[in-house]
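Student: Residue numbers (the working numbering), protein chains in the order written: chain Z, 1 to 415; chain H, 1 to 415; chain S, 1 to 415; chain C, 1 to 415.
What the hints contain is simulated information worked out from the structure, not anything from laboratory work. You may find that some hints are simply not true.
[As the list claims (entries may be wrong)] Quick list of the computed label-pair ranges, beta carbon to beta carbon:
1. H/387 / Z/82: 43 to 51 Å
2. S/81 / H/125: 22 to 30 Å
3. H/76 / S/80: 18 to 26 Å
4. H/147 / Z/122: 55 to 63 Å
5. H/1 / S/153: 22 to 30 Å
6. C/266 / H/367: 46 to 54 Å
7. H/376 / S/123: 52 to 60 Å
8. H/147 / Z/269: 53 to 61 Å
9. S/370 / Z/13: 42 to 50 Å
10. H/188 / Z/122: 52 to 60 Å
11. C/348 / H/329: 56 to 64 Å
12. Z/13 / H/355: 40 to 48 Å
[What the hints assert, rightly or not] Capping the alpha-carbon separation at 27 Å, the derived lysine-lysine pairs in DSS-like fashion look like this:
13. Z/393 / H/4
14. H/204 / S/23
15. H/405 / Z/23
Note that CB positions come from ideal geometry on N, CA and C, so glycine has one too.
Listed here are the chains, written in short residue letters.
Number of protein chains: 4
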Amino acid sequence: MFEKVLKDPVHDEILFDDPLLWKLVNTSAVQRLRRIRQLGTSYMTYHGAEHTRFAHSLGAYETMRRVLIHLERECGWPNEHRHRQLALAAALLHDLGHGPFSHTFESILGVHHELWTHRIMLEDEQLRTVLDSVDSMFAKDLVSILKKDGRFPAIEALVSSQLDVDRMDYMLRDALSTGVSYGQFELARLIRSLTVRDDHVYVKRQSLHTVEQYLLARYFMYVQVYLHPVTVGSDVLVENILRRARDLVSEGISIEIPGALLAVLNGKDVSVDTYLQLDESVLLYAFHQWSRSDDTILADLADRFLTRRLFAPIVRDEPSVSEWASLRTMAKAMGFPPDYYVTERVSTIPGYEVLGQGLTLLDDFDGYSDLSQVSKLIRTLVPSQEHRLFLPKEMLESDNESLSKRVHSIVFLRP
Amino acid sequence: MFEKVLKDPVHDEILFDDPLLWKLVNTSAVQRLRRIRQLGTSYMTYHGAEHTRFAHSLGAYETMRRVLIHLERECGWPNEHRHRQLALAAALLHDLGHGPFSHTFESILGVHHELWTHRIMLEDEQLRTVLDSVDSMFAKDLVSILKKDGRFPAIEALVSSQLDVDRMDYMLRDALSTGVSYGQFELARLIRSLTVRDDHVYVKRQSLHTVEQYLLARYFMYVQVYLHPVTVGSDVLVENILRRARDLVSEGISIEIPGALLAVLNGKDVSVDTYLQLDESVLLYAFHQWSRSDDTILADLADRFLTRRLFAPIVRDEPSVSEWASLRTMAKAMGFPPDYYVTERVSTIPGYEVLGQGLTLLDDFDGYSDLSQVSKLIRTLVPSQEHRLFLPKEMLESDNESLSKRVHSIVFLRP
Amino acid sequence: MFEKVLKDPVHDEILFDDPLLWKLVNTSAVQRLRRIRQLGTSYMTYHGAEHTRFAHSLGAYETMRRVLIHLERECGWPNEHRHRQLALAAALLHDLGHGPFSHTFESILGVHHELWTHRIMLEDEQLRTVLDSVDSMFAKDLVSILKKDGRFPAIEALVSSQLDVDRMDYMLRDALSTGVSYGQFELARLIRSLTVRDDHVYVKRQSLHTVEQYLLARYFMYVQVYLHPVTVGSDVLVENILRRARDLVSEGISIEIPGALLAVLNGKDVSVDTYLQLDESVLLYAFHQWSRSDDTILADLADRFLTRRLFAPIVRDEPSVSEWASLRTMAKAMGFPPDYYVTERVSTIPGYEVLGQGLTLLDDFDGYSDLSQVSKLIRTLVPSQEHRLFLPKEMLESDNESLSKRVHSIVFLRP
Amino acid sequence: MFEKVLKDPVHDEILFDDPLLWKLVNTSAVQRLRRIRQLGTSYMTYHGAEHTRFAHSLGAYETMRRVLIHLERECGWPNEHRHRQLALAAALLHDLGHGPFSHTFESILGVHHELWTHRIMLEDEQLRTVLDSVDSMFAKDLVSILKKDGRFPAIEALVSSQLDVDRMDYMLRDALSTGVSYGQFELARLIRSLTVRDDHVYVKRQSLHTVEQYLLARYFMYVQVYLHPVTVGSDVLVENILRRARDLVSEGISIEIPGALLAVLNGKDVSVDTYLQLDESVLLYAFHQWSRSDDTILADLADRFLTRRLFAPIVRDEPSVSEWASLRTMAKAMGFPPDYYVTERVSTIPGYEVLGQGLTLLDDFDGYSDLSQVSKLIRTLVPSQEHRLFLPKEMLESDNESLSKRVHSIVFLRP
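Only chain Z is shown next, with the shape it has when bound in the complex (with noise of 0.2 Å):
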């Protein structure tokens, strides 16, 4: 009998019993996700948001295995091994190409992270390996879950929707590490009101309020965690730096900078053995050099980062073309470039989707609904927006008063 049992702060024992999982989760490319964090730099706003892309992914696979468990039970889904065993690596691998905090890595680079995930599965030779040991088209398959081709629609559906074991797992880890219990929700009824018809996954009628309590959750985890402005805040400040690393780098001036980053922030035919050279230790090493940089704009944000003295988040409205051509010349009036300094960023609370997306129903009487159709609490999930402003907390509070002042009337909506 094979055994291999971790221990989990959210699911108690993490457990594998297929040798294949195993010897992936032993794959350098899915070891490097502990050293990326699971939530970026969150971290700088709740202290505890420490937890890694690593232990998510053996979270996500974990409720994977529980899901396939209720549904094997449940309606005889999956009736084959090699079934399972794609719906259990889908979700052990679904987060393999994601960067050094990953979403503003991504905005400066232009490339998604899901490209990354399908490289890697198909292109990193160890990984490679143990995925052809079940045959030539495992890793095929893999990225055609990933990609949400329609050959697998229940896998594709547990994987990667608005009801998967991805946010499962993600939501209640996050919730625990951070310690808010906005996250919360019950995972094992959860589980339980899943079915499969047809290959295509439902939600039973019955479990209406169960499913409502996971979406709530989620909208919570995103306007008290996942948006927090002092997080969207830090993000920038990252953003920034390596905008500013970019822009020298791309004026051919020389800055201290690892191999790998180089070469990403340049920009082409990265390979997947680069790729996978980057992690947040190099990010943050990176950081360390340039904070002793001679180029005093990036000395200056890097080591901001570093020592936690972040851009202050200002929310509301989008700011005229007037007004922001004024904080620009004050920016620069105070010495900090607004380029880098001055910074507008729109984030976006997602709703609930019903477009090709929707969650849907499944009564006693075979009956199919949307769950919109039957929640008014759902109904009122729909996206919106929080603008903000980030700048220097040293323009609000400037020993020269009165220019601390003019930022204070040209940002603040009231006195």
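We have chain Z already, so just place chains H, S and C on it with the hints.
Tutor: Same frame as chain Z, now just chains H, S and C:
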């Protein structure tokens, strides 16, 4: 009213109501602790153990804050603002001097982190400015407390003894992050069990079992978490990597290495500024560099750490001289230079210490007794040792079966 | 220093530091609440729901204690010892008047438990002696607070409003005992969101989402726990038992019955002393007696409760007059006198109420707004109703299949 | 697919997947356990301890279910449906025979609850019908298991030994309800530590510390909860009430008393039907009746229990004959007939028992050892005794100070 509240997974909320303490949190010396894990390499065993010394320092501070509230109600201690600030600052700053993978680092460098804590308190300019804002003796008094000079006996005991805010926080935090229940105890009741007389801390006799539970929780954390063979094996690996790097450096062989790390490996006259540049991102980055080094030993060891191919731990008696010699010979024959690949390690599970450090119970009739006089359970808590050998898994599972067999016959006591 | 500490599964510790409050706890009127469950018959659905109104009263007291500590720090309120005692005593004593299976009892007797609370406060000799030890107006002021006369607006709101210590405690306690996560919310942060101005309670604007979470938790507790069809069916059964007993008594038919219960069923001029003799042990004992009664209806109904053969709940629209008539005819034909065996019940899920009771948010610029103006989620929380029919399972699963089929065809909207 | 899921505060969900077990839950013999608290009078000390033997029985069943899933994976045991049903039914039904305030009741009546469990299993018609539906030997085999006849050694050990599903559930449940952490241990890991060979249960050697934690948790629950002096004092009070009632009955003095209780107090030839009518509502109702009795002793004692005016516990050595005589004389002088008001009680904290019941560790080399050979901690767990005196608080705090002083001088070892 000054009030800063941080959300915490252990204590729910951490409250700052004194601007001095909040300023200390925001020094770069304290913020640096965000980049040093509380449990060193334990995350290689327990994937949740990513929590930082920063989080722990906040938790030790919060525990002290609650202890002081209790003691003020209980016996009017401390009755003075500066005294209170000393206690809180000592709790917050007690871990300042930790380096990356702390205990391993110390054993390589031969310098205790405590000494660095003292130096940072006295020499770091930014921190010193905040401390001096109280008065010019404040920093020195803090060092005196950490040194346990005996000038502030109650604070010294609360900061560092067998029943201190350091352990109270870390046991709960380590238990939560790893997901084990072993470290749990009745925090609020334990705090309530404390009393102060003539500036010394005592435990109320009626709280005997509460203290027993706390000390046994510590025992369980040692045997199940802190000295877990896989974790000790990870420490050994880090140590061997650093030793190899130092050997190369001292032999004059040039390797890529972050400057601050080089300074420390060279070992003399490291400044506080240089030391503070060291954290786990720097060390991990060095491992990245070294994994591509021309020195095959360094490259292999570093790669093992990054991809979690750890040494196999073997729990057994101390090997005899001849066993030891045979094992080294075998290692060499199999291509593993024994100085870096075969390591013995003795781990000590600490016991309850009576001499000079015992916990004194105070009964309702003003009678004093040492905890160990009253508790049979506590008397069993004497230090004990675990001998372990660490070597590459390949030596035990070689393709050359006869070689592996011989290794087995040397290291395992029974076939 | 006066200090009594009780261990509590919700708040960890409940602290008494004022001898007055401790004396109140030890009156027999408060101790009686140990024999009345907080959630009535919910334990028939959730086997953990055995927690008592005594535990909840302690919890409401403790919550008030923490609210007052916050408000004293936040805005210096309350600034006076008697005021503090009023708030704490009101929280502790607010549930004094509950009878066994409280809401059921009320609906049979037509007397609100609030009136009994007031009477007990004023008329119970032992309790009155303790209250009068403050001053002769103390008891009357407490009643005034519970009646919400408007003389102590802040205390009144903290004791009874949409955001009061009563709900804060019971939601957490009910969630813990039943084992559901639906009722959880951020207690410490919610307390911190409160502020008092001109003796009125406000919620800080920045705590919007914390209050949303709390109000949604309440919604989920209603739909998942408080109005669970099986629980409502248990209530209906208790009510029908009591109604049958009262009918027999009023028809002059003698049954075994505890004296205090007989007095209450007879309905007039019940003294406080008599009322206080009633608790759930008395009611359950009456059910024991009645289960052996000569009256077959009473005997059968009581036995159903004791052995948990509850009515089947059917969730459906309001039945038409003819459906209703058919159903009663069927019941009679099957041997179940419909007055006691077929019951309709409309349950109301409460919403957020604006008129006269809204929660007022206070922003940083002294702006006021009702919570519902700001939160779309909260605006969906309007009262809604669930119609349900309750009848013996035997009617649906009769040995006479054709009879059962006809019952099915009447009560189920779809075949 | 048969599936019933109950929500549980300890195990989250309790799953029934075999209709037989669900039918057993719904017998009146099992439902009666809803009216008997798991911890007897502990709720007088820990107000949360209202959980019932019904909840515990479900939890013991669920724990057994998980143990069997593990053992089936681990070593293919049990390999047969009837065997599985025996194990589950034995876990569910093991507490059937408990009476109200169980241990107190037993000591008054001189009949062990185990005997009643056996009788109910064999004689209760409804229960027997369900059990006989498996086969005519099923009920007898269950009794054989509970008697530990040795015919089903593994099941017997899992149901009743030093490491059984009974204790696993009750320790966690008692800890949760009372709000203490003392009873917590690693349930999933403990289950995983079990293995079966030749129909005997063993504990894997590598799980040593997990078992240590579990046994120490039990020790802490005894000293902190089960033998809490206030709880023992409440037991003494119940016992003295029942003794007084029995004495009156045996002297032919008529008192109001529920019929089933009278039958049991009279003591002979009580039928199973009569016994099953007894529960805590009946006993509490009797206390209500007795609190208004003409017998002033009975009335006073019963009223003390209902209003929680418990005896004061005094922890001290065994009193000498002369101390004892003086104390009884004093009690009489102060109006408290000593037979009912002054009680000595010796409570035994159980230890780890080796003889005939030891837990056997099984190492990787098929070596067996008793747990106590390997663990120093466990060897300290030898039975120990606590002597306590119980008497009315009024004797210690009399208005007549000189009387109180004399009582003090007798009972307290130090002034």
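Student: Against this structure, judge whether each hint is valid.
Tutor: Evaluation of the provided hints:
For residue 387 of chain H and residue 82 of chain Z, the hinted distance range of 43 to 51 Å is satisfied, since their beta carbons lie about 46 Å from each other. Under the hint 22 to 30 Å, the C-beta atoms of residue 81 of chain S and residue 125 of chain H, about 49 Å apart, miss the expected range. A hinted range of 18 to 26 Å for the beta carbons of residue 76 of chain H and residue 80 of chain S is consistent with their spacing of about 24 Å. A beta carbon spacing of about 59 Å between residue 147 of chain H and residue 122 of chain Z agrees with the range 55 to 63 Å that was offered as a hint.
Checked against the hint of 22 to 30 Å, the C-beta distance between residue 1 of chain H and residue 153 of chain S comes to roughly 23 Å, which is consistent with it. As the Cβ distance of residue 266 of chain C to residue 367 of chain H is approximately 51 Å, the hint placing it in 46 to 54 Å holds. Checked against the hint of 52 to 60 Å, the C-beta distance between residue 376 of chain H and residue 123 of chain S comes to roughly 55 Å, which is consistent with it. Take residue 147 of chain H and residue 269 of chain Z: their Cβ atoms lie about 57 Å apart, and the range 53 to 61 Å holds.
For the pair residue 370 of chain S and residue 13 of chain Z, the beta carbons lie near 47 Å from each other, so the given range of 42 to 50 Å is met. Between residue 188 of chain H and residue 122 of chain Z the beta carbon distance is about 54 Å. The supplied range of 52 to 60 Å therefore holds. Separation of residue 348 of chain C from residue 329 of chain H is about 59 Å and conforms to the stated range, judged on CB atoms against 56 to 64 Å. Distance hint check for residue 13 of chain Z and residue 355 of chain H: the Cβ-Cβ separation is about 41 Å, which falls inside the suggested range of 40 to 48 Å.
Between residue 393 of chain Z and residue 4 of chain H the CA atoms are separated by roughly 17 Å; this keeps the pair inside 27 Å, and the hint holds. With a C-alpha separation of about 26 Å, the suggested pair residue 204 of chain H and residue 23 of chain S falls inside the 27 Å cut-off, and the hint holds. Proximity of residue 405 of chain H to residue 23 of chain Z is assessed by CA-CA distance (about 25 Å); at most 27 Å being required, the pair is judged to hold.
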